[in-house]
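Enquirer: Sequence:
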Amino acid sequence: MPEDKADKYAAARWIFHCGWRGLCPRCGKGAMFRKWLKLNDHCPTCGLDYRFAAPDDGPAFFSLCIIAFPLIFFVVWLQVRYEPPFWVHLITSFPLLGFGCILPLRPLKGWLVASQFVNKAQEAGTDKLWNQLRGGKGNWLDQEPRDPR
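Residue numbers (my numbering): 1 to 149.
Honestly, the hints are just simulated from the structure, not real lab data. Glycine included, every Cβ here is placed at the ideal spot set by N, Cα and C. A few of these clues could be false.
Straight-line C-alpha distance at most 20 Å; calculated EDC-like pairs for lysine to aspartate or glutamate [stated by the list, open to error]:
hint : residue 1 : residue 2
1    : Lys120    : Asp4
2    : Lys38     : Asp57
3    : Lys120    : Asp57
4    : Lys29     : Glu83
5    : Lys35     : Asp56
Between beta-carbon pairs, the in silico distance windows are [unchecked claim]:
hint : residue 1 : residue 2 : range
6    : Phe86     : Cys27     : 46 to 54 Å
7    : His17     : Lys120    : 13 to 21 Å
8    : Pro44     : Thr92     : 37 to 45 Å
9    : His17     : Ile91     : 35 to 43 Å
10   : Ala121    : Val75     : 14 to 22 Å
11   : Pro44     : Phe16     : 18 to 26 Å
12   : Leu90     : Gly47     : 43 to 51 Å
13   : Trp20     : Pro44     : 17 to 25 Å
14   : Ile91     : Lys35     : 29 to 37 Å
15   : Arg51     : Ala6      : 25 to 33 Å
16   : Lys35     : Pro95     : 21 to 29 Å
17   : Lys35     : Leu64     : 19 to 27 Å
18   : Lys35     : Asp4      : 36 to 44 Å
Whole structure, please, built from the sequences with the hints as guidance.
Expert: Here's what the structure looks like:
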């Protein structure tokens, strides 16, 4: 396997390992979250500043696309095929949709934050703004990612 492909697979494994477990994408040890969906200000282990993280609506989008849409098709199929009374949907469909969309939000947010760090993603043209916010210390890209191997 070519070396660059191996590096990509190692980086992807590192992103999933840290993101889905809510661990710091630099050291892999510190907690990324202080509350259910609230990020820490910095990693308690290595000090990585999480101000770079901007997952915004990404977790909700992926939760809806991956979970909600297939479940909606199941609910519609259930209604068309069996025509159950409304209470059946109250007991089955609504809890499945609710829990199915809410529970994956934290792992998805962690995955997006880890992906942003490992891939050094940022909005175009924000270098000057980051320098102003951090008092000339550079932006979050100056924080070296941990070697994923």
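Enquirer: Hint by hint, where does the structure go against what was stated? Just the numbers, ascending.
Expert: 4, 10
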